[in-house]
Amino acid sequence: DAGITQSPRYKITETGRQVTLMCHQTWSHSYMFWYRQDLGHGLRLIYYSAAADITDKGEVPDGYVVSRSKTENFPLTLESATRSQTSVYFCASSVTGGGYEQYFGPGTRLTVT
Amino acid sequence: QQPVQSPQAVILREGEDAVINCSSSKALYSVHWYRQKHGEAPVFLMILLKGGEQKGHEKISASFNEKKQQSSLYLTASQLSYSGTYFCGTERSNDYKLSFGAGTTVTVRA
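Protein sequences appear in the order of chains F and U.
First residue of the first sequence: 1, per the numbering used here; consecutive thereafter.
First residue of the second sequence: 1, per the numbering used here; consecutive thereafter.
These are computed hints drawn from the structure, not numbers from a lab.
Predicted, not measured: the structure shown is a model, and the values here were computed from it.
Treat the hints with care, since some could be wrong.
Stated by the list, open to error - Ranges of calculated distance between the beta carbons of each label pair, as one might list FRET restraints:
1) U:Glu14 - F:Ser80: 43 to 53 Å
2) F:Arg17 - U:Asn65: 39 to 49 Å
3) F:Lys70 - U:Ile11: 38 to 48 Å
4) F:Lys70 - U:Glu14: 41 to 51 Å
5) U:Lys37 - F:Ala2: 18 to 28 Å
6) U:Gly15 - F:Tyr10: 32 to 42 Å
7) U:Asn65 - F:Ala50: 28 to 38 Å
8) U:Val19 - F:Gly40: 21 to 31 Å
Where a beta carbon is used, it is the ideal one built from N, C-alpha and C, also for glycine.
If we strip away everything but chain U, and leave its shape as in the complex, we get (with noise of 0.2 Å):
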């Protein structure tokens, strides 16, 4: 099953903070986040384990909330770089078999 994200859609202007959901109905055993910029290929950012704790990357954090099967990825005091879609792929079981949800584009404005 298909995580979903929310938003859709995000526009900053440099120095905001965003936050991206992905939610799931199924129990997770992992949530992984990738950027993506037009044209190119996602790009692995950090993952979450079943009982790990937050996770950081520069000034892009994350959370898993287990209770929820939900994680959020914080983006803070954005940066121009910041620009691209954002994916959540989660993995049930330990089955390495990743369902990725539909994005979200982040637009960073000077």
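Just chain F, same shape as in the assembly (with noise of 0.2 Å):
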């Protein structure tokens, strides 16, 4: 049961390179999401998706890109990463929308240098 996986697990990567953070799950959920999280700031939402082909941005989409074209892969993508987005990277999924729970992956910590 393998639930929900994010690789890599650690990056490193210069600025202005292009990164791609995968996301993997084995539930069939419905709903897919990326979040960062930085001290003092919580979990923010990046962009989320409700089904394969349909996304749309959260809290702070800038600079970021994701596509879904099977229900179980969620990519996040950097086109050019610059510091300010070094973070750590939740991907999470759920059954559905409204009102229930989301389960998280194990994260990735991403540094840009």
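Two chains, each in its own frame: build the complex with the hints.
This is the structure we're talking about:
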């Protein structure tokens, strides 16, 4: 029972590089989410997806791109990484939206130098 | 809008009780509570829906005051395993987008 996994777990990249964070869930949950966690800010929603090929912006989407061609995968791409995008990124999934718990992946710690 | 959590931190001895509050300036559809241990992912504790009842999880319970748009998490007879950072996540209008508070760090000492 793999649940929800993220890769890589740790990543160091340089300013200006493109980097993709992967998220995979085995529950066939409809909804998937990307959050970033920074000290003092809690978790902030970047993008979410209600189903394959349906995505929408969250609170802090600038500088990020997502896609969802398959229900189980929800990659997050930083097109041109900046130091301000150094953070811990969590992917989450939910069986459906509205009033249902979200299950979080283990996180990816990204450092942009 | 990010909900406001209080206190920011609390230190308890085993067996003591604590209350964590989560307030929003907007009308809420639901309030979620999660606990996160250092270096780990947040783990779901419970959810309170508008018009719903108080929920419980072991000796951790929560309430939702719709008039005040405030939720409270009650840690009763705390155990060492209760240590961690507690986050509330608020949802407006059944739109499945959670706004999280900044968190409350709970330290339980023997």
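Going down the list of hints, with the structure as the test:
1. U:Glu14 - F:Ser80: 43 to 53 Å: 50 Å, holds
2. F:Arg17 - U:Asn65: 39 to 49 Å: 48 Å, holds
3. F:Lys70 - U:Ile11: 38 to 48 Å: Since Lys70 of chain F and Ile11 of chain U have Cβ atoms about 46 Å apart, the given range 38 to 48 Å holds.
4. F:Lys70 - U:Glu14: 41 to 51 Å: Distance hint for Lys70 of chain F, Glu14 of chain U holds at roughly 47 Å.
5. U:Lys37 - F:Ala2: 18 to 28 Å: Because 21 Å falls inside the window, the suggested range holds.
6. U:Gly15 - F:Tyr10: 32 to 42 Å: Distance hint for Gly15 of chain U, Tyr10 of chain F holds at roughly 38 Å.
7. U:Asn65 - F:Ala50: 28 to 38 Å: This hint holds: roughly 30 Å between Cβ atoms.
8. U:Val19 - F:Gly40: 21 to 31 Å: 22 Å, holds
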